[in-house]
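S.K.: From first to last, the protein sequence lines are chains C and V. The numbering of the first sequence is the numbering used here, which starts it at 1 and goes up by one. The numbering of the second sequence is the numbering used here, which starts it at 1 and goes up by one.
Calculated directly from the structure, the hints in this document are not laboratory data. Beta carbons are placed, not taken as given, at the ideal position from N, Cα and C, and that holds for glycine. Careful, some of the hints might be misleading.
[Unchecked claim] Here are some chain C residues the structure puts well away from chain V; computed CB gaps all over 12 Å:
#	residue
1	S158
2	Y179
3	N191
4	G195
5	Y219
6	L309
7	A337
8	W346
9	Q357
10	V358
11	A364
12	W369
[Said to hold, decoys possible] Label-pair restraints from in silico Cβ distances:
#	chain 1	residue 1	chain 2	residue 2	range
13	V	G286	C	Q149	55 to 61 Å
14	V	S101	C	A61	52 to 58 Å
15	V	A222	C	L250	41 to 47 Å
16	C	L144	V	P263	43 to 49 Å
17	C	G404	V	S396	50 to 56 Å
18	C	S289	V	P200	52 to 58 Å
19	V	G267	C	A61	19 to 25 Å
[Stated by the list, open to error] Under 7 Å between C-beta atoms, here's a sample of chain V residues computed to sit facing chain C:
#	residue
20	F50
21	P54
22	N92
23	T154
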Amino acid sequence: MTATPVSPYQGRPGGENVFARITENVARIAEAPRPPPAWYVAFGISVALLLIFISNLALVAWFGVGLWGTMHPVAWGFPIVNFVFWIGIGHAGTLISAILYLLRQDWRTAISRFAEAMTVFALVCAVVFPGIHVGRPWVSYWMLPYPNQMGMWPQFRSPLEWDLFAVGTYATVSVMFWYLGMVPDFATLRNRAAGPVRRVAYGIAAMGWRGSSRQWHRYERAYLLLAALATPLVLSVHSVVAFDFATSQLPGWHSTIFPPYFVAGAIFGGFAMVVTLVVPARQFFGLASLIQIRHLELMNKIILATGMLVGYAYAMEFFIAWYSGVTFEQFAFVNRAFGPYAWAYWTMILCNLAAPQVFWWKAARTNVWVSLAVGIIVNVGMWFERFVIICTSLSRDFLPSSWGYFVPTAYDYLTLAGSFGLFFTLFLLFCRYLPMVAMAEVKATQPSARVR
Amino acid sequence: MTVHDEPPPRIVAPSAPVLHGLLAEYDDAATLLAAARRVREAGLERWDTFTPFPVHGIDQAMGIRSTVLPWLVFAAGVTGCLVGLLLQYWTNAVDYAWIVSGKPFWSLPANVPIAFALAVLSSALTAFFGMLVLNNLPHPWHPIDLEKRFARSTIDRFFLLIEAADPRFDSVQTRAILDETGPVLVDVVHEDTASPFRTPRAVIHGLVVLLVAALVPFGLLAQARATKSRTPPIHLVRDMDAQPTVKAQQAFPRFADGRGARPAVGGTVAREDQLDEHLTRGTIRGAASRVFPPTVAADRANMGAGRRAFDTYCVPCHGYVGNGDGMVAQRAEALAQGIWVPPTNLNQDHLRRQPVGQLFLSVSDGIRTMPAYGPLVPIEDRWRIIMYVRALQRRSSATIADVPAAERKALE
Chain C
1 MTATPVSPYQ
11 GRPGGENVFA
21 RITENVARIA
31 EAPRPPPAWY
41 VAFGISVALL
51 LIFISNLALV
61 AWFGVGLWGT
71 MHPVAWGFPI
81 VNFVFWIGIG
91 HAGTLISAIL
101 YLLRQDWRTA
111 ISRFAEAMTV
121 FALVCAVVFP
131 GIHVGRPWVS
141 YWMLPYPNQM
151 GMWPQFRSPL
161 EWDLFAVGTY
171 ATVSVMFWYL
181 GMVPDFATLR
191 NRAAGPVRRV
201 AYGIAAMGWR
211 GSSRQWHRYE
221 RAYLLLAALA
231 TPLVLSVHSV
241 VAFDFATSQL
251 PGWHSTIFPP
261 YFVAGAIFGG
271 FAMVVTLVVP
281 ARQFFGLASL
291 IQIRHLELMN
301 KIILATGMLV
311 GYAYAMEFFI
321 AWYSGVTFEQ
331 FAFVNRAFGP
341 YAWAYWTMIL
351 CNLAAPQVFW
361 WKAARTNVWV
371 SLAVGIIVNV
381 GMWFERFVII
391 CTSLSRDFLP
401 SSWGYFVPTA
411 YDYLTLAGSF
421 GLFFTLFLLF
431 CRYLPMVAMA
441 EVKATQPSAR
451 VR
Chain V
1 MTVHDEPPPR
11 IVAPSAPVLH
21 GLLAEYDDAA
31 TLLAAARRVR
41 EAGLERWDTF
51 TPFPVHGIDQ
61 AMGIRSTVLP
71 WLVFAAGVTG
81 CLVGLLLQYW
91 TNAVDYAWIV
101 SGKPFWSLPA
111 NVPIAFALAV
121 LSSALTAFFG
131 MLVLNNLPHP
141 WHPIDLEKRF
151 ARSTIDRFFL
161 LIEAADPRFD
171 SVQTRAILDE
181 TGPVLVDVVH
191 EDTASPFRTP
201 RAVIHGLVVL
211 LVAALVPFGL
221 LAQARATKSR
231 TPPIHLVRDM
241 DAQPTVKAQQ
251 AFPRFADGRG
261 ARPAVGGTVA
271 REDQLDEHLT
281 RGTIRGAASR
291 VFPPTVAADR
301 ANMGAGRRAF
311 DTYCVPCHGY
321 VGNGDGMVAQ
331 RAEALAQGIW
341 VPPTNLNQDH
351 LRRQPVGQLF
361 LSVSDGIRTM
371 PAYGPLVPIE
381 DRWRIIMYVR
391 ALQRRSSATI
401 ADVPAAERKA
411 LE
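When you get a sec, could you build the whole thing from the sequences and use the hints?
M.R.: Take a look at the structure:
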C-alpha cells in the first residue's frame, strides 16, 4: 500500500484481453477489502432509515392503523400511494431485462443487472404496504386460497385478489430472472475468490456453474423463455394494479385509460430510478467504461418518451371528462387541478411533464448530473401522481357531507422515508457483494466474442 | 456422470491417479469453435467445451441437440392456466358460491387475470428449475476443478474436455487430435480421488433429520384439524376474542373513575325537558289538541307548504284528494295478492271529527300499516300536512253554503 490510499475501484482495470478487463472491472468491486467511505456514510443513513421503518411498522401493528392519517373518506392514504409508487419503480427492471432482451438491444447488458436488482428491492418495499394496510398483518394469509375451518374461499373476481396473484407472480419471476442472470457471474467470483469463505459463499450461489456449452445452451433457452414470459407479465402487473382503481365507480378512477397509463408511468418512474441509482454507482465504483454516457442517453430518451406518454394520459383524462359530459367526472378533474390538492397536482405536472423536457437537448441527455437531477425530480413527481390520483378522488365523495381532506401524520411520513431505507440498504449490499454488471452478458456483446 | 454420484472411495494409501480426460485450453472463441468441429468429426461423444460466455455457433459445431425445455415450459403454462381456471371455478362457483353484484357465479373475463398469472408463474418456475435439473445443477464438485488454469474458464479462457470414458478415447490418438487444433496447452485431468473435500456424512445426515423434523409441525396441524379437543384454541394474536367488557352497573377499572356506567356528557339534558308538548306531541295536558300550535299559523304560505309535503309523502298511497286511491294502492289492488291493507280514506266522518293533535300523532308515529313519518318529515311540515288534510276534508263535504257569495252565482 502506498501512503495515499487509492480507491481500489478507480484506474484502468488490468487484464491481457477485453474479457479479462471486463471481469476485473466488475469483480474488483466485490473483492475490494473495504468499500469507499461514501458507501459507509450511505449505508449508515440507510440502516438508520430502515430501523425507523421497522419500528414504525411495529408501532402500527401494535397500536393499529389509527396512527396514520388514513381516515374516511380517504381510506387508502399513504400506504397505497407508496405501494403503487414502489411497484411502479420495479417495472423498468423487467422492461430492460426482458423486453429489451427480446428486441436484441445490446446496450441493456450494461445496466440490466442494476435494473433487475432495483426491481427486486422495489418489490420488497412494495409488498410491505398492502400487508400492513390490512390492519392486522398477521392474518394477511387469509388472502391465499387455502382450505380453512371457515369453509370460505377468496373472492377471485376482486381486483385486490388479482393484485395478490399478479404481484406475487411478478416478484417470483423477477427474483428468478435476477438470480439466473447472476449464476455465471457468481461462478466468476467463486473462481477468483481469495479466501475460503468467499469461495464457499459464491460457490453455493453459483451452484457449480462451469460454463459448459451444453449448460449454456439450456441456460440461454431458459433465459429467453423467462424473458418471453416476463414481457406480458410486466405489462399485466401494473394493469392489474390499475384495475384496483379503474374497476371502481369513483370519478377520477373509473377510466379505461388507466392500465396503459399506469404502465407508461411505471416505466417512466422506473427508468428515472435506474438513472438515479446508476449515476452515483458508476461514479463511485469506477464503472464508467462499462456504463457509458451512451447508455445514459438512451435511458434519458426513454424517460422523455414515456414522460410524453404520461402527459398524453393526463390531457386525455381531462378531455374525456369534458367529452363524456359526466358532471361528476368533470368535477373530479377540475377539483384535481384547482381544488384543495392543486399544490400536489401542479407539483406532479412540473416534475413529470416539465422536467424531462430538458432531454430534448443532447447536452442535457449526456450530462450525468442533469440526468441524476431529472431522475430524482421524476421520482418525486411519480410519487405525487399516485398521491393525486388516490387522495383527490377519495376526498371528494358523491355527497358533499362526506367530503374530507387527508392529513398525513408523522407515522405516515416516517414510514415513507423508512421504505427508502429498506430499498437503499438492500441496494448498497448489492453494490458491495454482488456482481453489479452482468459480466458474461457484456462479454458476449464484445466484437471479439462474435465468431463464426 | 460425475464422481460425485459414485460412492466416495476410501483412500488408505496414495494410489495411482485415475485418468478422467484431456483438457485443452484456447485463448479465443474462434479457435475453440474450429476445435469443436474437429472433435465432433472425430466421432467423439463424451466431451464438452467451457466458455466464459455463450459462444454463438458452438451448438451447431458441437452438434448439441435442441433442449426439450420449451416443451416442458409450454406444458407447465397450459397446466397452470387450467389449474387457475379450475381453482376459481370450483372455489367461487361451486364450493363457496360468491354472489358478486348480481353477476353469474361463473363469469370468465373476471377470472382471466388470475389464470394468466398462474400460467406465467408455473411456466417460469418450470423454465428456471427445469434448466437446473436438465443441466445437472447444483453440481458442486468436478475433476476439472483441480486444474488451476481452469479457473479462467469463467473469465477469459476457452476449454475443451474429452472424457476418458468416451468409447473412442485413446490417450495418444485423442491427444493428437487436440494438438492439431491449436490449443495454448493440453493437460491431463485425473479423477478427484485425493481431495479430502467431500460433503461430510454428518452434514447429509443432519439435513435428513432436519427435513423429517420439518414435517412434524405439519403433522401436528393435521392432527389438530382431524381431532376434537376440549381445550380452547391457541390464539397467538387474540384480536377481539379477548377484550375487557363493561358489565352493566359494575366496576370497570379501565375507565379513570372506575365506574362501568358512564355519566352523561357535560351539558346533556333530558329530552322531555325541552319538548313543547303541543308542538311535538299534539297534546295539551295529555289530551289531543283541537287547535294548531301557535307557531303554525293558518295562512296561504303554510297551506301551500302543506300541500307540497302532502303531494310528496302522502299521495302515493292516499291519493291526491285523500280518498285512499293513490298509485301504490291501485297497483296493489290490481295485483290482488290478498295481503294488502288499503290505505285509509281521509275524508271519512270520524276522521273529520278527530282532533288535529290526534291526526298529527298518527302521521308522526305511524298507524296500523302506515310507517312513522316523524323521522322523515320536519315537525312544522307535519302540522302543515294536517292543515292541508283538513282543507281536503272540508272540500269533500262542501255544500253550496261554503262557496263565497260572490262566486255562488257562477255555479248556479
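S.K.: Each hint should be assessed against the structure and marked as holding or not.
M.R.: Verification of the hints:
Annotated as non-interface, C/S158 brings its C-beta within 12 Å of a C-beta of chain V; the closest such distance is 8 Å. For C/Y179, the condition that its CB be more than 12 Å from all CB atoms of chain V is violated, with the nearest at approximately 8 Å. Not every CB of chain V is more than 12 Å from the CB of C/N191 (nearest about 4 Å), against its label as outside the interface. Every Cβ of chain V is farther than 12 Å from the Cβ of C/G195; the closest lies at roughly 15 Å, confirming the non-interface assignment.
Separation of C/Y219 from chain V is inadequate, the least Cβ-Cβ distance of about 6 Å not exceeding the 12 Å criterion. For C/L309, the non-interface assignment is confirmed: its Cβ lies about 23 Å from the closest Cβ of chain V, beyond the 12 Å cut-off. Chain V leaves C/A337 outside its interface by the beta-carbon criterion, the shortest separation being 32 Å against a cut-off of 12 Å. In this structure C/W346 is separated from chain V by more than 12 Å, as the shortest Cβ-Cβ distance comes to about 35 Å.
For C/Q357, the non-interface assignment is confirmed: its Cβ lies about 36 Å from the closest Cβ of chain V, beyond the 12 Å cut-off. Here C/V358 stays apart from chain V, with its beta-carbon at least about 37 Å from theirs, past the 12 Å limit. With a cut of 12 Å on Cβ distances, C/A364 stays outside the contact zone with chain V, its closest approach being about 35 Å. Separation of C/W369 from chain V is adequate, the least Cβ-Cβ distance of about 33 Å exceeding the 12 Å criterion.
A hinted range of 55 to 61 Å for the beta carbons of V/G286 and C/Q149 is consistent with their spacing of about 59 Å. V/S101 and C/A61 have their C-beta atoms about 33 Å apart, which leaves the hinted 52 to 58 Å range violated. For V/A222 and C/L250, the Cβ-Cβ distance of about 45 Å falls inside the hinted range of 41 to 47 Å, so the restraint holds. Restraint check, C/L144 to V/P263: a C-beta distance of roughly 48 Å satisfies the suggested window 43 to 49 Å.
For C/G404 and V/S396, the hinted distance range of 50 to 56 Å is satisfied, since their beta carbons lie about 52 Å from each other. At about 44 Å, the beta-carbon gap between C/S289 and V/P200 misses the expected band of 52 to 58 Å. Judged by the Cβ atoms, the range 19 to 25 Å given for V/G267 and C/A61 is violated: they are separated by roughly 38 Å. Evaluation of the V/F50 hint against chain C yields a held restraint, the C-beta minimum of about 5 Å falling below 7 Å.
Restraint check, V/P54 versus chain C: the minimum CB separation of about 4 Å is within 7 Å; hint holds. Here the hint on V/N92 is kept, as its CB sits about 5 Å from the closest CB of chain C, short of 7 Å. Look at V/T154: its Cβ gets to within about 4 Å of chain C, closer than 7 Å, so that hint holds up.
Figure legend: structure checked against the earlier numbered hints; hints not met, in rising order: 1, 2, 3, 5, 14, 18 and 19.
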